[in-house]
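Residue numbering for the sequence shown follows the working numbering, starting at 1300 and increasing by one per position.
Hint data in this document are derived by calculation from the structure and do not stem from the laboratory. Note that the structure is predicted; figures quoted are calculated from it, not measured. Even for Gly, the Cβ is constructed at its ideal location relative to N, Cα and C. Some hints could be false.
Stated by the list, open to error - Calculated cross-link-like contacts (lysine to aspartate or glutamate; reagent style EDC-like; alpha-carbon spacing at most 16 angstroms):
# : residue 1 : residue 2
1 : Lys1366   : Asp1406
2 : Lys1366   : Asp1347
3 : Lys1366   : Glu1474
4 : Lys1376   : Asp1341
As the list claims (entries may be wrong) - Simulated DEER-style distance windows between Cβ atoms:
# : residue 1 : residue 2 : range
5 : His1447   : Asn1353   : 41 to 47 angstroms
6 : Asp1422   : Glu1538   : 41 to 47 angstroms
7 : Ala1535   : Arg1439   : 25 to 31 angstroms
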Amino acid sequence: MCQLLAMSSRQPAALDFSFTGFAQRSTEHGDGWGIALHNGSDCQLYTDALACSNSALAQQFRARPIKARNVIAHIRKATQGRVSLENSHPFTRRLWGQTWSFAHNGDLKLFRPRAGLYAPWGDTDSELAFCHILSELALRYEHRPPRHQLYATLQMLATAIAEYGSFNFLLSNGELLFAYCSTELHLVQRQYPFAQAQLVDCDLSIDFSQHNQPDDCMTVIATRPLTSNEAWQPFAQGELKLFVQGEEVGAQPVRQQEWDLQICA
């Protein structure tokens, strides 16, 4: 299976520490990698068909990390589809005037949805699922619906797709970050008072109190915990979580004024 990594942050933040540990897992997941970095309406996408450990692009990213509010990263172990650039996650598409990024960990057997408004460029089950989700959203809503309505629709779509196999995924438009757990996913929230963290996959630690301000807040999501001394929380199977500016938010409706402020943030 592939490996997922994501971050939602109140302020633009670099993911270089977590990404360093995450990249070590490419020895077992060497069929490509990618990262999508969202800052508001701007999305920068970097993908490579090489293993992250052998990728000059990945080395360049680690040397010069880019700060972002929402990040989705992926290292691939191919189950369906060729090892090629077009099959490297994350995938991106435009919907409602925004760029959405998506990455998937799992294997969807016999998943053959009806043709929709979006079509895959590659030949993975992952991109097919992404295109199906966006097609269904576009058919249901001419404009982006309120947050709680979007959450409910994504929960319904994710549950239906997960009937075809394992379907852990990350989805973001730069303002909202959705994370769905079919089999395995974990999160940790980092906020004041910041502490030291030690990576599981390599001998590297960091004191976050030296790099963050008291009002900073971020949530990091990964397939498996990346650090050994932080309180990573597992998702429940079938659980969809939504994160805004580094914090998990519920699926309940929000006041229109609050929604407008989030759109303009």
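Taking the hints in turn, this is what the structure says about them:
no.	hint	verdict
1	Lys1366 to Asp1406	violated (31 angstroms)
2	Lys1366 to Asp1347	violated (20 angstroms)
3	Lys1366 to Glu1474	holds (15 angstroms)
4	Lys1376 to Asp1341	violated (28 angstroms)
5	His1447 to Asn1353: 41 to 47 angstroms	holds (43 angstroms)
6	Asp1422 to Glu1538: 41 to 47 angstroms	violated (29 angstroms)
7	Ala1535 to Arg1439: 25 to 31 angstroms	holds (26 angstroms)
In summary, the structure is inconsistent with hints 1, 2, 4, 6 from the numbered list given earlier, while agreeing with the others.
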